[in-house]
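Asks: Please put together the full structure from these sequences, using the hints given.
There are 2 protein chains.
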Amino acid sequence: MKLFSSMKRIFSRLGPFPEHLFSILVVGVGCLVACEAPSGGPAEEATEASPAAPPVEWALAIHGGAGVTRAGVAAETEPAYEKSLQGALEEGKKILQGDGTSLDAVEAVVRLLEDDPLFNAGRGAVFTNAGTNELDAAVMDGESLSCGAVSGLKTVKNPITLARHVMERSRHVFLVGDGAERFADEMAVDRVPADYFFVQRRHDRWRQVLEAEEEKTASSAAPPALPTGQGRYGTVGAVALDRHGNLAAATSTGGMTNKRFGRVGDVPVIGAGTYANNATCAVSCTGIGEQFIRHTVASDVSARMEHGGRSLSEAAGEVIGEVLNPGDGGLIAVGKDGSISIEFNTEGMFHGSADSSGRFQVGIWAHGD
Amino acid sequence: MKLFSSMKRIFSRLGPFPEHLFSILVVGVGCLVACEAPSGGPAEEATEASPAAPPVEWALAIHGGAGVTRAGVAAETEPAYEKSLQGALEEGKKILQGDGTSLDAVEAVVRLLEDDPLFNAGRGAVFTNAGTNELDAAVMDGESLSCGAVSGLKTVKNPITLARHVMERSRHVFLVGDGAERFADEMAVDRVPADYFFVQRRHDRWRQVLEAEEEKTASSAAPPALPTGQGRYGTVGAVALDRHGNLAAATSTGGMTNKRFGRVGDVPVIGAGTYANNATCAVSCTGIGEQFIRHTVASDVSARMEHGGRSLSEAAGEVIGEVLNPGDGGLIAVGKDGSISIEFNTEGMFHGSADSSGRFQVGIWAHGD
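Those protein sequences? They're chains A and B, same order as listed.
The opening residue of the first sequence carries number 0 in numbering that gives the first Met the number 0; numbering runs sequentially from there.
The opening residue of the second sequence carries number 0 in numbering that gives the first Met the number 0; numbering runs sequentially from there.
No lab work stands behind these hints: they were computed from the structure.
Treat the hints with care, since some could be wrong.
[Unchecked claim] Just so you have them, the derived chain B footprint on chain A, three or more residues with Cβ under 8 Å:
{"hint": "1", "region": "143-149"}
{"hint": "2", "region": "163-176"}
{"hint": "3", "region": "191-202"}
{"hint": "4", "region": "287-296"}
{"hint": "5", "region": "338-351"}
[Unchecked claim] Derived CB-CB ranges, DEER-like:
{"hint": "6", "chain 1": "B", "residue 1": "M186", "chain 2": "A", "residue 2": "G244", "range": "20 to 28 Å"}
{"hint": "7", "chain 1": "A", "residue 1": "Y195", "chain 2": "B", "residue 2": "A193", "range": "17 to 25 Å"}
{"hint": "8", "chain 1": "A", "residue 1": "A193", "chain 2": "B", "residue 2": "A129", "range": "22 to 30 Å"}
{"hint": "9", "chain 1": "B", "residue 1": "V191", "chain 2": "A", "residue 2": "R181", "range": "41 to 49 Å"}
{"hint": "10", "chain 1": "B", "residue 1": "D114", "chain 2": "A", "residue 2": "D177", "range": "56 to 64 Å"}
{"hint": "11", "chain 1": "B", "residue 1": "Q199", "chain 2": "A", "residue 2": "D194", "range": "43 to 51 Å"}
{"hint": "12", "chain 1": "A", "residue 1": "G71", "chain 2": "B", "residue 2": "M186", "range": "29 to 37 Å"}
{"hint": "13", "chain 1": "B", "residue 1": "E210", "chain 2": "A", "residue 2": "D114", "range": "42 to 50 Å"}
All values derive from a computational prediction rather than experimental measurement.
Glycine is no exception: its CB is placed at the ideal position from the N, C-alpha and C atoms.
Replies: Structural data, given as structure tokens:
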């Protein structure tokens, strides 16, 4: 029923416009998947309704980007992605189970995904138009609403850790470019040479996109288009609730293949790609960054809960299924009650979730596929 | 009553914490001022209640920053500020009265304020730690939710116009640093040499702050603090409703005096310093950028209206009076019904407002001062 109503929501928005035809194709096999805590709903409510069901003490959700398509990921490589997601989930679980903080958990998970060349963040970052790698990240603490964001990093191995330093060791929230690199000079963070980010697969993809764009420009009088679109983006992220009741969110990305002009996406824009607030939820997004900025997606999920009285599942479902266009992307979220929501309107999203009730699962495609 | 309840809201939040003592002093003479459309409320409601009262066909509010204190602005210079605000308001009024769009109006108003050395934006931008000027701006169209933002510009005379080009002539939303300058190379925008931004008063202020910071660092083992605080920030902005029912918001700034590390404030962060949505309102903020990012201030005003059913005045009052700390800053907003809200929790904010009912006023301090 959930799946049907989600699909109905999507198709009811498509209208007669020709520009939506591509989206229809993209989403033809896509769907939305919303997962609540296995206890059957919010922990507090569950406790009231059934004293036997233990409340969720901690919860964790992770993602590795929503830009994945079956055409782009060969079936034989799926186990490698799943293994990476399981490893990251295991790391976060260990921290949360051992009474660690949600901030430590989301940072550790995102560091692992950044170090993994499979995902578009850290080591596996895509290439810019100039053939460089420029990385963005953000972290937010739901207890204090403190946050830190960095953009345009070129030598920092783990952008998420520098973002946490911005949050905890500066009075600022958002540092970019050479200035952020100078801040990294003053912090004890691992630095790497440019070739650390060289991943053959990413480089090949960049050359393909570059050549396609050049061909397109040569055959047209129009100014060169800025790149966008399906398959060119990716992100990693984690959201967690710890045993102390604190929420945290972290997101990291290499941005969009062949990006130009110092383009910044939604990841370091607090409220767009990353948001956490103990009053509501923690959210990390992935998809076409511009759409997530316009619709302030991460904070809108929180606002619908705080001001509109929606559940996490309702809020996340509305934003991904009604506010955004099919094919735009997805999000992971953990509510203050430990409920988990994983929503995407693309063909797939690398995702995983775990909680204190024993839940531990990873996946790529929508449920049932 | 409004004033009293606003003050009560502020003081009830101060609590026993010593770090609030400074804020108490700052806000001692500050207050909140909320202005509704002179017709006595939302235009549509006014029409129902009294058929004689014409609906508000267009409305405009502008600001020139909330970092202003009586100690910082000599009484004899106040008329110069007021004259500048009147000139900008007049320009916007002319466009809106002549059936122009809200986007054209907010861009034109912000361009004038950028060209005016009195305000911290464009020509009057403050100096960074490196003795340079780095400018940020953002614009948002409430009809389409399209938006454009730029950060770290060094040679663009009118950052707001480049932000509009990002919105209308690129597929992106947010361009920063050298990349944004390269985008400017491809657009027909006015460029200026670095000394265009040299304003003696700003340079003197920067030297003062720089020396104070160096002294502080020399006498302490702590790492150099990133600058923040009262009197070091400023912004300009405009929000408008046009006769077609479309809302738009624009904000521009030179950032924070002596800023380091490529610090980005709230201005180019859509949802923090700038937001517009025809379903609710258009908002432009000014103040301590980090606080406006953490609390996603501009989009929160909209979310409280959209999801919580608040009026513009209630939503803006809650965010400035309850969510933010005293001394953090202020905002201007225009609702979809043409109501205008001007709220600040600092000693003063350069502001102005006009609408089709004949309202035309500028001010610096809270009402009644």
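Asks: Each hint: holds or not?
Replies: How the hints compare with the structure:
no. : hint                          : in the structure
1   : 143-149                       : holds (count 3)
2   : 163-176                       : holds (count 9)
3   : 191-202                       : violated (count 0)
4   : 287-296                       : holds (count 6)
5   : 338-351                       : violated (count 0)
6   : B:M186 <-> A:G244: 20 to 28 Å : violated (49 Å)
7   : A:Y195 <-> B:A193: 17 to 25 Å : violated (35 Å)
8   : A:A193 <-> B:A129: 22 to 30 Å : holds (24 Å)
9   : B:V191 <-> A:R181: 41 to 49 Å : violated (26 Å)
10  : B:D114 <-> A:D177: 56 to 64 Å : violated (28 Å)
11  : B:Q199 <-> A:D194: 43 to 51 Å : holds (48 Å)
12  : A:G71 <-> B:M186: 29 to 37 Å  : holds (34 Å)
13  : B:E210 <-> A:D114: 42 to 50 Å : holds (43 Å)
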